[in-house]
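Student: Here is what each chain is made of, one letter per residue.
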Amino acid sequence: MTESFTIAPVIDVAQMTQDSRPSEREVVFDIHDLTVSYGRVTAISGVDLQIHRNVITAIIGPSGCGKSTFIRCLNRMNDLVPEARIEGQILYQGSDLYASGVDPVEVRRRIGMVFQKANPFPKSIYDNVAWGPRVLGMRKELDERVEKALRSAALWDEVKDRLKKNALSLSGGQQQRLCIARAIAVEPEVLLLDEPASALDPIATSAIEDLMHQLKREYTLVIVTHNMQQAARVADLTAFFSLEVDETRRSGVLVEYDATSKIFTNPSDKRTEDYVTGRFG
Amino acid sequence: MSRYHRRRLMNRAMEVLATVAALVAVAVLVVVVISVARRGAGAIGWDFFTKPQALFGQPGGGIANALVGTALLVLLATAMALPVGVLTAIYLTEFAPRRLAVPIQVVIDVLAGLPTIVIGIFVYALLVIGHTQSGYAGAFALAVIMLPLIARATQEVLLLVPGTLREASLALGVRRWRTVVGVILPSSVGGILTGTVLALARAAGETAPLLFTSSIFANTVQTDVTKALPNIPVLIFTYSEQPDPALHQQAWAAALVLMAFVLVASLAAKALLARSRRKLAR
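Protein sequence lines, in the order shown, are assigned to chains A and B. Be aware that the first sequence starts at 1, since it is given in my numbering, and climbs by one per residue. Be aware that the second sequence starts at 1001, since it is given in my numbering, and climbs by one per residue.
Here chain A stands alone, though its shape is the one from the complex (with noise of 0.2 Å):
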């Protein structure tokens, strides 16, 4: 690590999420110094963070910085990735999430992801949303599951005719829909969303955002983003990301996290400042 890496200052959460209850602004997810490498590669190192409750924390920066790799770790999806070491602390709700006795499985259910490409599984409509729940044994009321899960995502409306259409009929707006339906209709208690935008055109793209900030009522998001105006637009907390190179190696590091609107308008840092102001990246 360099010296020039600086801390996030302490964030008072309750200034920038008026509409947010003191209870609820707890924090989720506890980062110290957590550190990714695939092999001999590190993705990020040294990255310290807090993830409050029921706020959308948005994570951007340049390509390569390591952005889909955090959020990974918040679920354990790294653990897929043969070459993947973590080194560092994540603490969830209090509990250690790479504590020896944690099951991923089960961490991945109680924490949703929602991925760049919409992957939607090759059934219809109403089984996509109802294979989580019923595979995970919640199969009372599951027409209402499924109805409610759709209605979440804003998509209940344009499918409710054809629910036993197959799902990949769907415009890539709706599918990515969709798989936010699915995500939370396995009641998670955080949603991840790694650039859920990016594929789709500005309606679409819109549509999404929209949605995130009626999620928000219920659950803790998480998005990662390279589009700024995104960040600006549905976040209430930031945290830049960048690419630090040296000599002998280069990984993606934490800048500077705090409310949106002063990482957009006041940073206190540089490289958040070239980055926001379009000078790189």
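These are computed hints drawn from the structure, not numbers from a lab. Model, not experiment: these values are computed from the prediction. Fair warning: there could be bad hints in the mix.
[Stated by the list, open to error] Counterexamples of contact, computed for chain B against chain A with all Cβ distances above 10 Å: (1) V1016; (2) W1046; (3) S1169.
[Unchecked claim] Distance condition first, Cα-Cα at most 30 Å in a straight line; then the derived DSBU-like pairs of lysine-lysine: (4) A:K165 <-> A:K123; (5) B:K1270 <-> A:K123; (6) A:K165 <-> B:K1270; (7) A:K123 <-> A:K164.
Glycine included, each C-beta is placed from N, C-alpha and C at the ideal position.
Given chain A's structure and the hints, the job is docking chain B onto it.
Tutor: The following block gives chain B in isolation, referenced to the frame of chain A:
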């Protein structure tokens, strides 16, 4: 001659050579089909399919018993090889760590290349010596031949299933096995069936393993798998060694039937595969 011309000529010559080679390959099949058909077609008729083999020295008769026996042998072999082959492929693509997957892969490839006569002797030593020839011993030998073919084909279609679908399922907190059963297998059923049909077509014509395990059989329709089952490959082999020209003709006719089956099965497999590809491709 300039270099330019030499290269151009070389290119032209190689193209012609490759074309000729491809034509030869096609010609071999055409010649085989025509010569078999010419010699055997005369024996094919209703009786040929519906009557069992004639008693020794009697005229007429058909291959009904061998058809039934081959069908039984091949179905039984498929029943043995399909689950093991599919599970092996699932293990290799979905569960095995690399350091185990690689050696197992090599073993399967070796098994696929094993001479069928070796498999025949092995099953003969294992199941026939001390007992008798039997349908299940024959089916087992055929299953050994089918297993690596099915495993390989299944593996290939499992690898075609996009990784994003696995991720989607695992991110829901679904266990790997449920992901395999609920998401991956349904997307690859078509390909697995294709591989199975091809393996089945291959097994239907295998002779060497059956010479050891199911070659001394009655000339009546036989469905008891604890006894040797009549079958087409061995029938062709024995008839071709007889002095009677009528039996020679029947051997050719049986060969024609076998070939037609393999052809139909291959075409069916191709159609199945095309359908399943379309389904996966959105």
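Student: Indicate, hint by hint, whether the structure satisfies it.
Tutor: Consistency of the hints with the structure:
Separation of B:V1016 from chain A is adequate, the least Cβ-Cβ distance of about 45 Å exceeding the 10 Å criterion. A cut-off of 10 Å between C-beta atoms confirms that B:W1046 is not in contact with chain A; the least separation is 46 Å. The Cβ of B:S1169 sits about 7 Å from the closest Cβ of chain A, inside the 10 Å cut-off, so the non-interface label is violated. For the hint linking A:K165 to A:K123, the alpha-carbon distance of about 8 Å falls within 30 Å, and the restraint holds.
Simply put, B:K1270 and A:K123 have alpha-carbon atoms about 24 Å apart, close enough for the 30 Å limit, and the pair holds. For the given pair, A:K165 sits about 27 Å from B:K1270 by alpha-carbon distance, which is consistent with the 30 Å threshold. As the CA atoms of A:K123 and A:K164 are separated by approximately 9 Å, the hinted pair is consistent with the 30 Å bound.
Violated hint: 3 only; the structure is consistent with all others.
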